[in-house]
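Sequences listed follow chains A and B, in order.
FYI, the numbering for the first sequence is 1 to 157, going by this note's numbering.
FYI, the numbering for the second sequence is 1001 to 1368, going by this note's numbering.
Hints in this document: simulated from the structure, not taken from any laboratory.
Backbone N, C-alpha and C fix where the C-beta goes; we use that ideal spot for every residue, glycine too.
One thing to keep in mind: the hints can contain errors.
Claimed, not checked - Estimated spans, in silico, between C-beta atoms of each pair:
no. : chain 1 : residue 1 : chain 2 : residue 2 : range
1   : A       : Val97     : B       : Trp1117   : 25 to 33 angstroms
2   : B       : Thr1132   : A       : Leu113    : 50 to 58 angstroms
3   : B       : Leu1213   : A       : Val97     : 44 to 52 angstroms
4   : A       : Asp65     : B       : Asp1345   : 42 to 50 angstroms
5   : A       : Asp101    : B       : Phe1245   : 43 to 51 angstroms
6   : B       : Ala1097   : A       : Asp65     : 28 to 36 angstroms
7   : B       : Ala1235   : A       : Pro86     : 18 to 26 angstroms
8   : B       : Ala1097   : A       : Asp95     : 46 to 54 angstroms
9   : A       : Thr108    : B       : Tyr1302   : 39 to 47 angstroms
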Amino acid sequence: MLRKLSLWAASALIAVTSLNFELQESPGDRLIGVWEPSNGRSRIKIDKIGTKYYGRVVWLIEPNDPETNLPKTDKNNPDAALKNVPLKGYRMLKDFVYQTDGTWSEGTIYDPLNGSTYNCVIKMKDKNTLDIRGYIGVQALGRTDVWKRLATAPAKK
Amino acid sequence: MMLRSIWALALATSIGGTLWAQSDSSSAAEDDFSQYDNLGFVDAGAKRFCSPKIEGLSPAKLISLGYDYQGAYNLSAGTLFNGTTELAAAEDAQVNATQGLRVGFNIPVISKTNLVWQMGANYWNTQYQYATLPTAASNPLHQTLSEHGLRTTGVNTTVFKPLDRKNFLLFQGSADLSGTYGIEFMPAQYLRYSAALIYGRRPTEKKQWGLGLARTYRVGEINYIPVVLYNSTDALNKWGAEVLFPARAHVRRTINPRNMLFAGYELEGQSYRLWRDPASNFDLRNEDLEIRRGEARFRMVYEFSLKDFMWLSIQAGYRLQYRYDVDRLVDGVEIYRAFGLLRDDAYAQTNGLGNPLYFNVSLNLVSP
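Here chain A stands alone, though its shape is the one from the complex (with noise of 0.2 angstroms):
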């Protein structure tokens, strides 16, 4: 009897923990968000998807295609197969994996003005302040963005 008290004790304990570690937030967390750009062309949202952070585009401050005037899609990816699929809620930060060293790497960035996809790095200056840097290769070939946190509430007029 005791000892099948102990498993279903030992059972609840891991499911309770389990569901800890789910609700406690990770501290790469504090990456999740809407960002811009320090151009203020896009906004981008970065989202957990299981153990990595993705940001997608949810913003653009010139929607529509001028030659079209449709909205924008992927139109210089190099694979004729993405060309036509919309730019808003398009992913162009993949994959990114919290490090123990405060920064989220072995991912990706994609540019859509030109249809190129870099490393990418991520830093967080302060809460609200993250240094992206797409390179190629290694980190001193490569360019660094800083990027600001958005309210996610309207901002008052």
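Please arrange chain B on chain A, whose structure you already have, making use of the hints.
Structure of chain B alone, referenced to chain A:
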């Protein structure tokens, strides 16, 4: 009983595991993108700044490895004087080709919203292939060009300082050692500095312009001139202009973001310290002479992505000589003529070059 306990354990474990695997902080409601239309910064004090680039601009080159080739032309070396004393007689010679390697690096050092700072280095080598090799009796200009060619090694820096969303300052500076060296004959006093400071505006994401002042050797000798920056892209991202007048000006046709065609010109120039083997019968080193090379290159350029960030640039055009005269330093100091407005000192040697067709090809790693 034991079996039931194991099932319970497995079930409990799987509940936790399932919850973990299905973790997704996004939600279906987010497909209503209008909720992101009117957001402000969390930091009330955060400012927006303009970026150094405009939309549609050709990509900046981080690393460039190129080869430059000029076709045949006649090089008329004038009489070489020291004051009124004739040191060497004038002599024409045929140059079959002028060609060499051009390597450049540009690495971002600081890349922040409110400051961008890049450092670079470059090395250009120009070799002169004479139809008939000059002899010890030839004009010393022909001798030294044939034996040593011309080289430039330099460092450069670019600082972009946005003042706000529309206004910015741009500083470009470089220090070059140019000549027929032997680094041992190129002490720091022969470093030639160029710089430009521009105040600019970026009224839209597709246009920027600026006005400034430059210290430049683009026309071969030191000059201080006004400069105009103008970059633009049309609404359809098909046409654009990339101008830093008078240094260069190009019209851009964007076939797509990975294929661009340019038509325009660039001024090239530098002061090259002349030297020839002191063991020979004419030691140019002691004469303290510099070639003032200034030329315009009218050209078509095609740049395209070979694969991802590796771009090939092919240019072809016409090289028009503006100046190739030899100047004598006065106590090691160069003469500032201001296009003859301030001084009108005679050159030690006045030369003339024919104007050949040229081409240039380079492999480039472009910036994100």
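Hint check:
no.: 1; hint: A/Val97 x B/Trp1117: 25 to 33 angstroms; in the structure: 30 angstroms, holds
no.: 2; hint: B/Thr1132 x A/Leu113: 50 to 58 angstroms; in the structure: 53 angstroms, holds
no.: 3; hint: B/Leu1213 x A/Val97: 44 to 52 angstroms; in the structure: 49 angstroms, holds
no.: 4; hint: A/Asp65 x B/Asp1345: 42 to 50 angstroms; in the structure: 60 angstroms, violated
no.: 5; hint: A/Asp101 x B/Phe1245: 43 to 51 angstroms; in the structure: 47 angstroms, holds
no.: 6; hint: B/Ala1097 x A/Asp65: 28 to 36 angstroms; in the structure: 48 angstroms, violated
no.: 7; hint: B/Ala1235 x A/Pro86: 18 to 26 angstroms; in the structure: 20 angstroms, holds
no.: 8; hint: B/Ala1097 x A/Asp95: 46 to 54 angstroms; in the structure: 51 angstroms, holds
no.: 9; hint: A/Thr108 x B/Tyr1302: 39 to 47 angstroms; in the structure: 29 angstroms, violated
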